[in-house]
Each structure stands twice: as C-alpha cells, then as structure tokens.
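Asks: First to last, the protein sequences are chains A and B.
For the first sequence, the working numbering assigns the number 1 to the initial residue and increments by one for each residue that follows.
For the second sequence, the working numbering assigns the number 296 to the initial residue and increments by one for each residue that follows.
Don't read these hints as lab results, they were simulated from the structure.
Even glycine gets a Cβ: it sits at the ideal position worked out from N, Cα and C.
Don't take every hint at face value.
[As the list claims (entries may be wrong)] Derived coverage of chain B by chain A (criterion: at least 3 residues anywhere in the stretch with Cβ under 8 Å from a Cβ of chain A; other residues may be distant):
no., region
1, 367-373
2, 397-405
[Unchecked claim] Under 7 Å between C-beta atoms, here's a sample of chain B residues computed to sit facing chain A:
no., residue
3, E361
4, F376
5, D416
6, A547
7, T548
8, E551
9, E679
10, E680
11, G683
12, G688
13, P691
14, E698
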Amino acid sequence: MEYGLKPLGREKLWLWLMLVPTIIGLAFGTIGSLLATLTLSFFDWDLIGAPTWAGFSNYVQLFQNESYMEAFSNTLKFSAMYVPGVVIISLLLAVLLNRKIRGVGIFRTIYFLPTVTSAVATALVWNMIYGRDTGILNFMLESVGLSPICWLCTNNAMLSVVIVNVWGAIGEGMIIFLAGLTAIPRDYYEAAELDGASGFQQFLRVTIPLVTPSIFFQTLIAAINAFQAYDYIYMLTRRSGGDSSVPVAVFSIYRNAFHFFRMGDASAQAIQLALLVAAFMGVMFWWERRYVVYE
Amino acid sequence: MRKLLFVLVVASLLLTACGGGTKPAAGTGPVTITFMMWGAPEEQTVWQAVVDDFQAANPNIKVNVEVSDWDSYWTKLNTLFAGGTPPDVFAMDAPLYLDWQSRGALLNLQPYIDANPGFLDGFYPQTLTAYKLDDGYYGLPRDFNTITLFYNKDMFDAAGMAYPTADWTYDDLLAAAKQLTLDKDNDGKTDQYGLWTDTWDMELFWSELIWANGGEIISPDHTKTLIAEGGARDAWTYIDTLYKEGIMPTPATAGEYGGDLFQSGQAAMTTIGHWAVPGYVASNINFGVAPMPKGPKGAATSVNSAGFVVSKDSKNHDAAFAFIKFALSEAGQKRLAELGFSIPVLKSVAESDAYLKQAGSFDQKVFLDSLAFAHMKPVFKGYEEWAGVVGDGLIPVWDGEAELGPTLDEVVKSADEILANNK
Chain A
1 MEYGLKPLGR
11 EKLWLWLMLV
21 PTIIGLAFGT
31 IGSLLATLTL
41 SFFDWDLIGA
51 PTWAGFSNYV
61 QLFQNESYME
71 AFSNTLKFSA
81 MYVPGVVIIS
91 LLLAVLLNRK
101 IRGVGIFRTI
111 YFLPTVTSAV
121 ATALVWNMIY
131 GRDTGILNFM
141 LESVGLSPIC
151 WLCTNNAMLS
161 VVIVNVWGAI
171 GEGMIIFLAG
181 LTAIPRDYYE
191 AAELDGASGF
201 QQFLRVTIPL
211 VTPSIFFQTL
221 IAAINAFQAY
231 DYIYMLTRRS
241 GGDSSVPVAV
251 FSIYRNAFHF
261 FRMGDASAQA
271 IQLALLVAAF
281 MGVMFWWERR
291 YVVYE
Chain B
296 MRKLLFVLVV
306 ASLLLTACGG
316 GTKPAAGTGP
326 VTITFMMWGA
336 PEEQTVWQAV
346 VDDFQAANPN
356 IKVNVEVSDW
366 DSYWTKLNTL
376 FAGGTPPDVF
386 AMDAPLYLDW
396 QSRGALLNLQ
406 PYIDANPGFL
416 DGFYPQTLTA
426 YKLDDGYYGL
436 PRDFNTITLF
446 YNKDMFDAAG
456 MAYPTADWTY
466 DDLLAAAKQL
476 TLDKDNDGKT
486 DQYGLWTDTW
496 DMELFWSELI
506 WANGGEIISP
516 DHTKTLIAEG
526 GARDAWTYID
536 TLYKEGIMPT
546 PATAGEYGGD
556 LFQSGQAAMT
566 TIGHWAVPGY
576 VASNINFGVA
586 PMPKGPKGAA
596 TSVNSAGFVV
606 SKDSKNHDAA
616 FAFIKFALSE
626 AGQKRLAELG
636 FSIPVLKSVA
646 ESDAYLKQAG
656 SFDQKVFLDS
666 LAFAHMKPVF
676 KGYEEWAGVV
686 GDGLIPVWDG
696 EAELGPTLDE
706 VVKSADEILA
716 NNK
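Make a model of the complete structure from these sequences and hints.
Replies: Structure, rendered in structure tokens:
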C-alpha cells in the first residue's frame with residue numbers, strides 16, 4: 001500500500017526535524033526504559049545495594065510465585081470479561097446513537113463523560129454505589145424485595161470492577177465506532193432495503209463487515225488497556241496496608257518493586273506482561289489480514 | 296501502554312538518576328541535611344519548630360524537613376535510595392526496620408551512642424528493644440504507642456452501663472459490646488455497633504488478644520508463624536464471634552463508613568493508640584480510656600514505635616546524629632508531646648505535664664501504665680508482605696464468605712512461605 005506523495009529534498013529535512021522530539025522521547029523514554037527493565041530482569045536488585053546477576057532465575061521464579069500467578073490470572077480473567085464487554089457494548093451504543101434522534105449530542109456526551117473524568121473520583125462514587133449497607137445498588141435491590149449483595153467482597157469483587165471498567169471505557173469505544181459507522185455510505189443500506197433486508201439483517205450483513213477495521217482497532221486498544229488496568233481496580237479493592245482484594249499484574253509489579261524491594265522480580269513480571277501483549281497483538285494482526293475489510 | 300510505561304520510565308529514571316549525590320561536608324563549613332518523615336500536615340509545623348530550635352543551637356547545620364503521607368513516603372524513599380540521593384535522616388516504622396537495615400541502607404549509630412555516655416538512660420527500655428541488634432543500634436525510637444480501650448461515655452450513659460475498668464476481661468468486653476449494639480429505628484440495620492477495630496493488621500486488636508490467650512505471633516528465629524497454635528486459635532474464634540453476631544461491622548461495611556466508626560460516633564468502643572486522640576477530640580467524641588481487657592492468661596497490649604534512622608550513604612553523619620540527639624532531648628521531646636499524636640520516649644517528658652496535661656478529659660497515664668504488660672510489636676524481615684497475606688487471607692472469613700478453621704491453616708502456610716523467602 002502506498003499513500004500520498006513521497007517527501008522530496010527540503011521536505012525531507014523538515015520531516016526529520018519535526019520527528020526529532022518524538023524520536024528523542026521514544027529513544028530515552030520508551031526504548032531506554034524498556035532496555036533498562038529488560039536488563040534489570042536478569043538481576044536481583046533491592047534498590048540500595050549493587051544489582052547482582054541472577055540469570056533467568058527471576059523468570060523461573062515467576063511461575064512458582066503464587067501471588068504473582070494469582071495476580072496474572074486475575075489479569076487474564078479480567079481481560080476475558082472486559083474486552084468483549086467493551087467492544088460489544090460500545091458498538092451497540094454507537095449504532096444506537098448513529099441515528100437521527102433528538103438530543104443525540106446529549107446522549108453521546110453522557111456516555112463519553114467517564115472517559116474525561118478522573119478515575120479516582122469516579123471510583124469513589126462507585127464505592128458509594130457498591131456499598132453493602134449504604135450502597136445505592138443494594139438499596140434498589142432491597143426496595144424490590146431482593147436480598148443485598150456484598151459487591152466488593154472477595155467473591156464478587158472481580159465482576160464489580162469489570163462493570164466499572166467497562167462503564168469507564170465504552171465512551172471512548174463509542175467514539176471510535178461512530179467514526180467507523182459514519183464512513184459507511186448510505187447507499188449500501190438503501191440497496192439492502194430495496195432487497196428487503198430487515199434492520200437486524202442490515203446490521204449483520206452491512207454494518208458489521210464494514211466496521212471490522214474499527215472492531216479490530218477497538219479490540220486491540222481494549223486488550224492493551226485490560227492488561228494494564230490498575231486505577232479503578234485499586235481504588236475499589238484496596239485494603240489497609242496497601243493491599244488489594246483483586247490484585248492484578250500491574251499492581252503486583254508496582255508492589256514488588258516499591259514495597260518488597262524486588263526490582264528484578266518486578267522487571268521480569270513487566271517483561272512477561274509485555275511479551276503477552278505482544279503475542280496478543282500478533283494474533284490480532286493475523287486475524288486482521290483474514291477478516292478485516294478495508295474499503 | 297501508559298501504566299506499564301510508568302513502571303518502565305521509573306525504572307530507567309532510577310538508573311540515570313545515579314551519580315547526583317550531595318556535596319561532601321567540608322570541615323567546619325555550614326552543612327544542609329534533609330529530614331524526611333511521614334505524617335499529617337500539622338506535624339510539619341511542629342517538626343519545623345523542633346528544627347528551628349535545633350538550628351538556633353547549631354548555626355552551622357541547616358535542616359530541610361519533608362513530610363509526606365504514609366504511602367507516598369515509602370515510595371519516595373525507595374526512589375531516592377535507588378537514585379543514590381537518600382535523605383540524611385528519615386523516619387522509620389519499627390516493624391519495617393529490619394527490612395531496611397538488612398539491605399545495608401542504615402548507619403550503625405553505636406559509635407555515636409558510645410561517644411555520648413548516658414544518652415539512652417532516660418528512654419523507656421521497651422521502646423529501645425526493637426532497634427537493638429547484635430552490633431548496636433541502627434536506629435533510635437522517637438515516640439511510641441500502646442494500644443488501649445477507648446469508650447464513648449455518652450453511649451455508656453445512655454445505656455445506663457458502668458464504664459470499662461482495668462479489671463475487665465474479654466468476656467466483659469463481649470457482653471458490653473453486645474448490649475451496646477443497637478438498631479434504634481428497628482429497620483433491621485445496626486445503627487450503633489458495640490465495638491469497632493481493625494483486624495487486618497495485628498497492632499490494634501488481634502496481637503493483644505493472642506497474647507492474652509497465651510499464644511504467640513511468630514517464633515523467635517522468625518521462621519514459623521504461630522498465630523494458629525494453642526491459645527492463639529481461641530483469639531480468632533473470639534473475633535469471628537464479634538463479626539458473626541454483628542457486634543463489630545465487617546471490613547466491607549466498615550469501609551463504607553470511612554473506616555473509623557468510633558470517630559464517626561457509630562461505635563461505642565474501639566481499641567487504638569494515642570495517635571487517634573487528636574482526631575477524636577476534634578470530632579467532639581466524649582470518650583474515656585481503659586487498659587486492654589484481660590484474657591485467660593492475663594493482661595497484654597502491644598507497643599510499637601516510630602524512630603529515626605540515618606542513611607549509610609549520607610555525607611553528613613555527624614550533623615545527622617546531632618539533629619537526632621536534639622530531637623530526642625527533653626526540649627525536642629516536649630515539642631513532640633505538644634503535638635498530641637504519640638507518647639514521648641523520654642520517661643522524664645512522658646511523666647511531665649507536657650504529656651500528662653494535654654487536652655481531653657481522659658487519663659493520659661493509662662497509655663504509660665500499659666507498658667507494664669506490653670509486648671513489642673514483632674519486628675522481622677518481610678513484615679509487610681507477611682502482614683498482607685495474613686490480613687487479606689482472613690477478610691473472606693470476616694465478610695462471611697469462608698470458614699475460619701481451614702482459612703487460618705491456609706494463611707499460615709502462605710505466611711511461612713514468605714518467612715522462608717525472606718530469610
């Protein structure tokens with residue numbers, strides 16, 4: 001695929017000049033820290049003494065470390081619920097809000113609001129909603145005669161945080177799908193209608209195939225966010241002593257590095273997580289080549 | 296990508312930040328030292344007063360005080376250490392002391408103590424134990440806290456009940472707490488709990504209860520967790536009863552009320568340390584204080600201290616110790632007593648009006664007298680991780696989602712693994 005014109009002569013100079021700040025940022029900020037983490041993952045380092053060579057032992061220990069395995073499996077469980085939740089709900093929402101209805105701008109704004117609100121503030125509000133004694137949700141359950149649920153106790157906490165995270169992410173997903181939807185030419189739908197296709201058939205046969213680039217993109221973004229989810233989860237499930245009832249992988253990395261003084265373990269965990277994200281992206285790009293339709 | 300990057304960026308910053316460092320002290324020239332501590336914003340004012348007094352007496356030394364909240368304090372400290380620019384003097388919590396000492400971060404203060412004969416004579420000996428190692432002190436206590444029973448006088452009066460006394464047993468506590476648990480408007484929900492305390496960390500309640508039942512927390516060589524053996528098991532059954540009978544709000548419920556239900560006037564009793572007093576006074580709680588109840592094996596409470604340590608890599612060891620020495624002198628300790636959070640480690644100050652005549656209509660001496668039967672809060676390597684496994688492991692039991700017996704055995708197994716990893 002070739003797009004547009006090739007930069008020539010002076011343009012080329014400008015091109016590089018404009019790229020310099022980003023490249024410097026990437027080199028030192030991203031690649032530098034990536035290399036530092038990779039290096040540290042082969043050392044034992046308590047942040048004070050000199051790092052000592054550890055070979056692959058940090059990686060071997062990952063799989064024997066129960067608390068990391070729990071955190072990692074929590075991240076997988078979380079992702080398995082979060083990614084489909086975000087993609088499906090935000091697609092449906094975008095389809096709903098892609099029609100000519102009154103106040104569509106207001107609805108779009110409402111659904112987008114969580115994206116631009118501070119995660120800490122909204123997590124506090126959700127704490128009030130989820131409360132066992134004083135929570136709004138249990139108040140509603142009880143007023144229709146159901147028994148209250150302990151939303152943030154160990155058994156339900158995972159589902160509860162998935163709900164909050166999905167709620168917080170559908171606004172962004174909706175915008176991406178709306179952009180994809182408006183790009184679909186009206187005549188396709190008119191043609192489908194002439195052929196007698198129902199609304200649902202149009203959605204299935206016209207909308208879905210033509211919005212696959214957005215689905216692909218949104219799944220990728222949602223998966224990356226899911227693997228790194230931290231803020232809402234920690235705010236909703238934190239306990240005294242800085243612990244969390246739903247420890248996820250990023251939480252484990254942070255805690256090992258800065259609370260338990262195990263930089264090497266934390267780095268190995270970070271690398272393992274990054275490799276997993278990379279592997280997932282590989283699968284996604286394979287999937288893209290087979291199923292994603294570009295106009 | 297942002298959150299992962301955060302970790303990576305911090306990691307790389309740590310590497311590049313090495314090599315800054317403070318200027319070495321040049322003979323007698325003026326030096327500046329940094330003192331870092333955790334605490335409430337009002338503590339900054341008091342410590343600034345201590346520092347001002349110190350600087351007036353030592354014009355050659357300038358002290359910068361940095362106060363952070365508990366969580367960011369430790370993160371900041373770790374980052375500074377990793378960057379090779381640690382503060383000269385910093386505050387230490389006794390249970391975490393060994394984690395820091397064993398990493399080689401702290402200066403052995405013994406030569407300084409030897410050079411100042413009689414320096415430690417005025418200290419409560421119980422507060423020194425936590426910091427004493429085979430080759431000397433790598434830190435010194437600055438204040439301490441014993442845990443006592445706080446009770447809301449208004450709630451006892453309203454129920455026509457006698458206030459707790461020094462002779463109370465845990466059975467008395469249970470009976471009174473039961474009587475003080477009220478559903479005033481009969482809507483099926485408790486409006487006033489008999490007791491609220493934290494059962495996540497050992498300090499506020501469960502260590503006292505275990506000791507009063509003749510149990511122990513950890514073996515002397517720090518290899519075995521003993522919280523499920525002998526009398527200790529009875530302690531957990533007691534706590535289970537408190538939660539099951541609804542006398543104490545479960546952790547999930549307590550969280551909704553902002554944590555301290557005694558301060559919000561929703562619990563008749565609590566067990567906590569002196570640091571809570573300023574908050575309770577500010578919230579206009581009409582409270583009294585009694586010693587912890589007695590168990591089958593007598594009275595027991597917990598004593599824990601906050602202390603000072605000096606970074607080994609500090610370039611200003613002498614100035615750092617001079618500051619500690621001043622803060623631990625009568626003048627410094629008096630200022631600390633005025634703050635009202637904790638109890639001075641100097642006997643002469645704790646037993647003077649500076650401490651005993653503070654605001655509040657309760658007997659300040661209860662906190663001092665409790666030392667007679669206080670056990671030191673255990674200090675061992677891997678404390679934070681161990682405490683997390685125990686505290687978190689039992690929450691499902693308190694929230695009514697798991698059985699006590701098997702959960703306790705499971706928790707002890709994981710706790711012992713952590714001890715083995717931190718040998």
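Asks: So, for every hint listed, does it hold in this structure?
Replies: Now for the hints, and whether the structure bears them out:
1. Coverage of the region 367-373 of chain B by chain A holds. Counting CB-CB distances below 8 Å, 3 residues qualify, and the rule asks for three or more.
2. As drawn, the region 397-405 of chain B meets chain A at 3 residues by the rule of a beta-carbon pair under 8 Å; at three or more, the given contact holds.
3. Checking B/E361 against chain A: minimum C-beta separation of about 18 Å lies over 7 Å; hint violated.
4. A distance limit of 7 Å between C-beta atoms decides the matter here; for B/F376 the minimum to chain A is near 5 Å, and the interface restraint holds.
5. Because the smallest distance between the Cβ of B/D416 and any Cβ of chain A comes to about 33 Å, over 7 Å, the interface hint for this residue is violated.
6. With a least beta-carbon distance of about 5 Å to chain A, the hint placing B/A547 at the interface is held under the 7 Å criterion.
7. Because the closest C-beta pair between B/T548 and chain A is about 5 Å apart, less than 7 Å, the hint holds.
8. Given hint, B/E551 at the interface with chain A, holds; its Cβ is 4 Å from that chain's nearest Cβ, closer than 7 Å.
9. Interface hint at B/E679: satisfied, since its Cβ lies 6 Å from the closest Cβ of chain A, which is below the 7 Å cut-off.
10. A distance limit of 7 Å between C-beta atoms decides the matter here; for B/E680 the minimum to chain A is near 6 Å, and the interface restraint holds.
11. With 7 Å as the threshold, the beta carbon of B/G683 comes within range of chain A, its nearest partner Cβ sitting at about 5 Å, so the hint holds.
12. The restraint placing B/G688 at the interface with chain A is violated, with a minimum CB-CB distance near 10 Å, outside the 7 Å limit.
13. Among the interface hints, the one on B/P691 holds; its C-beta lies about 5 Å from the nearest C-beta in chain A, closer than the 7 Å criterion.
14. Contact between B/E698 and chain A, as hinted, is not supported at the beta carbon level, the nearest pair being about 13 Å apart and thus beyond 7 Å.
Violation of the numbered hints given earlier is confined to hints 3, 5, 12, 14; the remaining hints are satisfied by the structure.
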